[in-house]
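J.: Chain residues, written in single-letter form:
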Amino acid sequence: MAVKRLKFQKENCIGCQLCMQACSGMHEGAFIPSKARLSIESYYDKGGDIKIGRHVCNLCGICEKECPFEAITIDEKVSVDFDKCTGCSICVEKCPQHVISMREDKAIICDTCDGETWCVKLCPHGALKFE
Amino acid sequence: MLGYQNKVLRINLDNKTYSTEPLNMDWAEKYIGGKGLGIKYIYEELTPGVDPLSPDNKLMFMTGPLTGTPAPCSGKLAIISKSPATGTILDCSIGGHSAIKVKYAGYDAIMFEGKLDQPGYISIEDDKIQFIDASDLWGKGSHETEGILADKYGTDTTILSIGPAGENLLPISCINSDYYRQAGRGGIGAVMGSKNLKAVTIKGTGAVTVDDSKKMVRKIAEILREDTTTEDNIWAYTDGTPGLVEACNDGGILPYKNFSDTTDVKWESYNSESIQANKHGKKGCGSCGLGCGNFTKIGDAICEGPEYETIAGAGPNCGISDLETIVKFNQVCDDLGMDTISASGALSYAMEMTEKGIHDFGITFGDKEKLIDYLYLMAKKEGVGADLVMGVKAMAAKYGGEDMAMHSKGLEFPLYDPRGSWAMGLAYAVSDRGGCHMRSYPAAEEVYAASIPPYTAEGKGKLVYDLAIYNAVKFSLIFCDFWALGLDRMAEVMTLATGKQFSEEDMNQIAERVIHLARAFNQREGFDRKDDTVPKRILNEVLKSGAAAGQKIPVGDFNKMLDEYYEVLGWSKEGKVPDSILSQL
Chain A
1 MAVKRLKFQK
11 ENCIGCQLCM
21 QACSGMHEGA
31 FIPSKARLSI
41 ESYYDKGGDI
51 KIGRHVCNLC
61 GICEKECPFE
71 AITIDEKVSV
81 DFDKCTGCSI
91 CVEKCPQHVI
101 SMREDKAIIC
111 DTCDGETWCV
121 KLCPHGALKF
131 E
Chain B
1001 MLGYQNKVLR
1011 INLDNKTYST
1021 EPLNMDWAEK
1031 YIGGKGLGIK
1041 YIYEELTPGV
1051 DPLSPDNKLM
1061 FMTGPLTGTP
1071 APCSGKLAII
1081 SKSPATGTIL
1091 DCSIGGHSAI
1101 KVKYAGYDAI
1111 MFEGKLDQPG
1121 YISIEDDKIQ
1131 FIDASDLWGK
1141 GSHETEGILA
1151 DKYGTDTTIL
1161 SIGPAGENLL
1171 PISCINSDYY
1181 RQAGRGGIGA
1191 VMGSKNLKAV
1201 TIKGTGAVTV
1211 DDSKKMVRKI
1221 AEILREDTTT
1231 EDNIWAYTDG
1241 TPGLVEACND
1251 GGILPYKNFS
1261 DTTDVKWESY
1271 NSESIQANKH
1281 GKKGCGSCGL
1291 GCGNFTKIGD
1301 AICEGPEYET
1311 IAGAGPNCGI
1321 SDLETIVKFN
1331 QVCDDLGMDT
1341 ISASGALSYA
1351 MEMTEKGIHD
1361 FGITFGDKEK
1371 LIDYLYLMAK
1381 KEGVGADLVM
1391 GVKAMAAKYG
1401 GEDMAMHSKG
1411 LEFPLYDPRG
1421 SWAMGLAYAV
1431 SDRGGCHMRS
1441 YPAAEEVYAA
1451 SIPPYTAEGK
1461 GKLVYDLAIY
1471 NAVKFSLIFC
1481 DFWALGLDRM
1491 AEVMTLATGK
1501 QFSEEDMNQI
1511 AERVIHLARA
1521 FNQREGFDRK
1531 DDTVPKRILN
1541 EVLKSGAAAG
1551 QKIPVGDFNK
1561 MLDEYYEVLG
1571 WSKEGKVPDS
1581 ILSQL
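Respectively, the protein sequence lines represent chains A and B. One point on numbering: in the working numbering, the residue at position 50 of the first sequence is 50, and numbering is uninterrupted. One point on numbering: in the working numbering, the residue at position 64 of the second sequence is 1064, and numbering is uninterrupted.
Only chain A is shown next, with the shape it has when bound in the complex:
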């Protein structure tokens, strides 16, 4: 069976950011979108068009491949071995989706809530899917 990944369909996104609240609520113990492991923002570009900025992990595997310390493994989800992670930030630089952040010298990456994907469950109109 193919690995399930987060998929984003922009036409269904209203820019509510409930996804980021869900993510931080499940991982950080508080609602703090700036620390969410995904970022989706919908805004009017000079009032003329709706633009969407999105940073969502799609399990592309580049972080796993680029990590010099083999700290990152991907099977059903991304796992970071904090004992091996040195905080070198190479994964942050190489991630094409710009979804990896560093906190206290450890890489913080979306773990799809171990398959629960609360961002998907709080997405009101199906812009985020896990399939």
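I should point out that these hints are in silico values taken from the structure, not numbers from a laboratory. Please note that the accuracy of each hint is not assured.
As the list claims (entries may be wrong) - Cross-link-like lysine-lysine pairs, in silico, DSS-like; alpha carbons within 25 angstroms at most:
#: 1; chain 1: B; residue 1: Lys-1380; chain 2: A; residue 2: Lys-46
#: 2; chain 1: A; residue 1: Lys-106; chain 2: B; residue 2: Lys-1214
#: 3; chain 1: B; residue 1: Lys-1214; chain 2: A; residue 2: Lys-129
#: 4; chain 1: B; residue 1: Lys-1203; chain 2: A; residue 2: Lys-35
#: 5; chain 1: B; residue 1: Lys-1007; chain 2: B; residue 2: Lys-1058
#: 6; chain 1: B; residue 1: Lys-1368; chain 2: B; residue 2: Lys-1381
Position chain B relative to chain A; hints supplied.
T.: Here is chain B on its own, set in the frame of chain A:
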């Protein structure tokens, strides 16, 4: 209590300083946040009789304990002040992302006091507050202003700004955010303008802490599916408010030519289907769940909306059916920083006055070019524009036609003819900020659901009270109008966030307190029964067309509704809040 940041940011514009203080939790327990808590602060801090455009008036941004949490439809910011249009209390509710940014920046509320000596704006980035010169922005429209500031601060910074209308202190000016969202009514933009405050930019990166965030996410996922994106509410996403065009036209409450009649044979040219055919995307507020905003483009006219009020106001009530004109009207009003309801109300009054030969304002029904041209004259107070921006009450005092001036307490009517929904007439008359449909919305019962007979005074005082209770607590928690959640659900979500047990009865008590307090503010300013009025047209002239043809609200019936409303609230015959209630607030 959890959910709150327990912090108020107080900005002194006179000497460009700021301070923080704990949120008054005694007040927060009684009024929660949003509308209620904002009114409490303004009630306590303003000197009675203060000139709304003087530095002594204050402007408050207020969130609530749910702001910044995933509680659906909880992303609205209350903006509270004393109204330059009516002299009453004024609380507005603005969508977009400003509310959640205030909260993530670490504050429950921001209080602006005094006046900048030169045009400026305030930049807030968490605990970093800067006072910045805005002489290069002064005079620019809200859209250009927002574009310039977005380039400087990035798109994850929310911008609230005023246009020329606010700068020129017009009583019909609004505050804009996210380009197309407004704190629209009562001249709130002029309060900002009077303080030389062009804009406020807010970026917040902090946390909102609740009782148990995991439990809240799990429960909200359930609520969202079972109670928010459901048949009762999904109209907001599929259609948005343009869906009301058909309902109001069918029900005989869609105003036509300055409320001289109702219903329009051309309604299909600006109904929901017509908007959908020109829709280029959807947009909701922070923490939404529905997403009512239709991003619409027709020719070079662009707006998010138009909402029902704007459609009906600039459309049939001005004798216009061309959708591109309506969208353009919306776009220009937003950019100039003008309230579409009051601006269209002033124009429709001017059109009728001109056609009846009472005073020549140079514009007649259906004149779609002048409808747009006049907005620019209004924003700059040039020529006839200087008259139009006074609002219909002041225009009628100067030029006559009082019966045609559709307002209560100087605030232009929303676009529901009360003769086809009698309780709506009472709702306008007793609304705390003048003619407004957001304090109690009985058209939903009398017309859309047709669950209560519309052309009778029977039980209408109680109906308006019940619906006012609902909105008062909803806007204090603070939820968006468009989620029809019950008081029990409100209590449940409050308990989830705060960890404190709330009941439906608590919601009722909070709501009643908010209604009393808003009335107490107005009472202190000299308002009473004599001000709870609707124009004579509603009481004397019967409708000629539509489902409500032959209807008016006979004055005896109007008074009966008013009596009942006061009685339910325990107010005197004169509409005064007794000392026994005042002492409890």
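J.: A separate judgement is required for each hint: does it hold in the structure or not?
T.: Verification of the hints:
1. Lys-1380(B) x Lys-46(A): The given pair, whose Cα atoms are some 23 angstroms apart, holds under the 25 angstroms limit.
2. Lys-106(A) x Lys-1214(B): holds (23 angstroms)
3. Lys-1214(B) x Lys-129(A): holds (20 angstroms)
4. Lys-1203(B) x Lys-35(A): Holds, because 14 angstroms separates the two Cα atoms, which is no more than 25 angstroms.
5. Lys-1007(B) x Lys-1058(B): holds (18 angstroms)
6. Lys-1368(B) x Lys-1381(B): holds (20 angstroms)
Of the numbered hints listed earlier, not one is contradicted by the structure.
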